[in-house]
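Dock chain Y against chain F, hints included.
For the protein sequence lines, the chains are F and Y, in the order given.
For the first sequence, position 163 (counting from the first letter as 1) is numbered 163 according to the UniProt record's numbering, and the numbering increases by one without interruption.
For the second sequence, position 71 (counting from the first letter as 1) is numbered 71 according to the UniProt record's numbering, and the numbering increases by one without interruption.
Don't take every hint at face value.
Identical copies go unnamed one by one, so any copy, or any two together, can satisfy a pair.
What the hints assert, rightly or not - Straight-line distance between alpha carbons at most 27 Å, and here's what the computed BS3-like set of lysine-lysine pairs gives:
hint : residue 1 : residue 2
1    : K295      : K265
2    : K250      : K295
3    : K290      : K250
4    : K80       : K18
5    : K112      : K265
6    : K293      : K250
7    : K43       : K88
8    : K310      : K80
9    : K112      : K286
10   : K310      : K10
11   : K10       : K93
12   : K310      : K18
13   : K154      : K310
14   : K164      : K265
15   : K293      : K164
16   : K290      : K43
17   : K13       : K286
18   : K80       : K250
19   : K310      : K265
20   : K43       : K154
21   : K164      : K13
22   : K13       : K43
23   : K80       : K112
24   : K309      : K10
25   : K265      : K309
26   : K154      : K112
27   : K300      : K164
Because the hints were derived from the structure by calculation, they are not lab data.
2 protein chains.
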Amino acid sequence: MGPEGSYSEKAAKLWVQKNMLDGAEIHYFADIEDAFLAVVQGKSDFSVIPIENSIEGSVGVTLDLLLENGAEIIGEIVVKIEHCLLSKGEPEKIRVILSHPQGLAQCRHFLKTNFPEAELRSTGSTSHAARLAGEFEEMAAIASPEAAECYGLKVLLSNVQDRKENYTRFIVLRASETNRVQQVSFIAENKSDNVKSYSSSEQESGHEFYPESKIEPDNSSLSACKTSIIVYLEKDRPGALYEILGAFAKSRINLTRIESRPSKKELGDYYFYIDFEGRASDPLIKNALKEIKNKIHTLKILGSYPAFKKP
Amino acid sequence: MGPEGSYSEKAAKLWVQKNMLDGAEIHYFADIEDAFLAVVQGKSDFSVIPIENSIEGSVGVTLDLLLENGAEIIGEIVVKIEHCLLSKGEPEKIRVILSHPQGLAQCRHFLKTNFPEAELRSTGSTSHAARLAGEFEEMAAIASPEAAECYGLKVLLSNVQDRKENYTRFIVLRASETNRVQQVSFIAENKSDNVKSYSSSEQESGHEFYPESKIEPDNSSLSACKTSIIVYLEKDRPGALYEILGAFAKSRINLTRIESRPSKKELGDYYFYIDFEGRASDPLIKNALKEIKNKIHTLKILGSYPAFKKP
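For reference, chain F alone in the conformation it holds in the complex (with noise of 0.2 Å):
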């Protein structure tokens, strides 16, 4: 998500950094939607999206996005967050401010205090409101110091979140297997050689092989790496969520997320994103994951990877 200067482009670069991918090129896209669809129509070949924040919770059009497409999580990055208000004029002048909707409701207290007359808007990246903010005096833009340097803006204001501590989860996709087959002749002509060629020998599930680069999972122990799943169960079957978590238990297999999402189908009706630690192509998990497939609707599996450790 760009333009420059977005908590997302740190997350992409930590990432890139941390993979030793140093030929990679970064792409900018104007909203979540557009950087998830990158990878899933072959424009990128990953793509880094925030997914849940520490302050305001799960960003539901990443959920959505997930369920409805075709991408594969491969990794997994978190950010500490630094809202600063932003602005070319002074405090005193501010009419409107810009952010996006995360930015807006991670400040929901420090901008009705501040400032409860100010128009607030919504942008597609913190870094696009900390651009527009430099076109007029009387806007500021909730964004990270770093859009303030990029687009010439003061910081009237550090650390204006609502909680201090302020984190941010990004996970990187690429496209799924299905996706990547078409999508070979784009690659080949493309000049990142780190992420050109993939292994096909384990191509038996579509979520269990990886690109012969260094982005290979950890796999020293269980709880270095995270499988990430949606499950929709049968409707009218109360007790399956607790049958799903008993699969779980029994294998001492440790949850880290259960998020609820709206199916859109009626009101009352959810899908379950599910989160723990290990991979799916362990043999503890693959039993697991047998287990609960017999007992819901849907199951989807969008990737094990690395859990996140502090660099």
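Coordinates of chain Y only, in the frame set by chain F:
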């Protein structure tokens, strides 16, 4: 939530009608937080607040406020949402589109496809967006057809949300017992006869008694009533959620919803919001809650109330 013409107003009127509170006066507040706090601070006897939408999911700020404040859920109302694009001007001139963040999110595809260049502004309510849109021809609001009437706007397009079926669930709140006791003098001066006095026969638990009014929960069957709770698990006890669901499953208590919300302390730490059928005073449920209490760090009972039935 106001001003006039909001979906919250529709929900409030429906609730007043259902409970035959003919003398009730409707007060309007600028946003969800103000409407919520009105009941906590004794500015209103009841508050009607959106909690969940069938397209965009939970209303985060409502969940946070339920955790932080002493308010009791005593009812729920479901309202069909039919977002329209409202303006004084013509579609081709629209440069700015205003709505509540939930309204913008529910129409994300529509906006991106039809108005990719438009500026999106967040307002405290959809009706506030409509009121503002009346000021300039180049502005439009995403709001109800009723809001168009209120503010003299044309309905340029109807049903612009991303899915035709769109429902929002509202909760009806009153101050919790502790707060109510402090407000007795205030309430005594209030005009609404129906809600003046409270039964104190069940004061053993702060969440299990109801005013001596027509707002009695339907006691005819367990499924006619719902209870909402918040639980906070001991950190690093991954099996705890499973055990909690087990306590419900064992007693055949039907869960209707489970939602996580960040604790805001650190990434990966959550509160769970659980709705289930039945009243907290039912012996079966009392037992289940007692069992749960021993397994977790915090249990907050938000209230037991009649489940919404279509009129």
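### Message
Within, between, both or neither: how does the pair K310, K80 come out at a Cα-Cα threshold of 27 Å?
### Response
This pair counts as within: shortest intra-copy Cα distance 11 Å, inter-copy 46 Å.
### Intra- versus inter-copy proximity for K286 and K112 (alpha-carbon distance at most 27 Å)
Neither, since 49 Å and 40 Å both go past 27 Å.
### Query
Within a copy, between copies, both or neither: where do K43 and K88 come within 27 Å Cα-Cα?
neither (35 Å within a copy, 40 Å between copies)
#### Entry: Up to 27 Å CA-CA - K265 versus K310, copy category
between (39 Å within a copy, 17 Å between copies)
### Task
At 27 Å max between alpha carbons, let me know whether K80 reaches K18 within a copy, between copies, both or neither.
within (16 Å within a copy, 48 Å between copies)
#### Entry: K154 and K310: within-copy, between-copy, both or neither at 27 Å Cα
neither (30 Å within a copy, 54 Å between copies)
### Task
Could you place K295 and K265 in one of the four classes (within, between, both, neither) given a Cα distance threshold of 27 Å?
within (21 Å within a copy, 35 Å between copies)
#### Entry: K112 and K265: within-copy, between-copy, both or neither at 27 Å Cα
Classified as between; 22 Å across copies, 34 Å inside a copy.
### Message
Cα distance capped at 27 Å. Does K265 pair with K309 within a copy, between copies, both, or neither?
### Response
Between copies, since 18 Å is at most 27 Å while 38 Å is not.
### Query
From the Cα coordinates, with 27 Å as the cut-off, is the pair K164 and K265 best called within, between, both, or neither?
Cα proximity of K164 and K265: across copies only (10 Å, versus 38 Å in one copy).
### Task
If the cutoff is 27 Å on CA atoms, where do K310 and K18 land: within, between, both or neither? Let me know, please.
within (11 Å within a copy, 54 Å between copies)
### Task
Classify it for me, K13 with K286: is the Cα-Cα distance of at most 27 Å met within a copy, between copies, both or neither?
Neither: 33 Å inside a chain and 52 Å across chains, both beyond 27 Å.
Comparing the model with each earlier hint shows violations of hints 7, 9, 11, 13, 15, 16, 17, 18 and 20; every other hint is respected.
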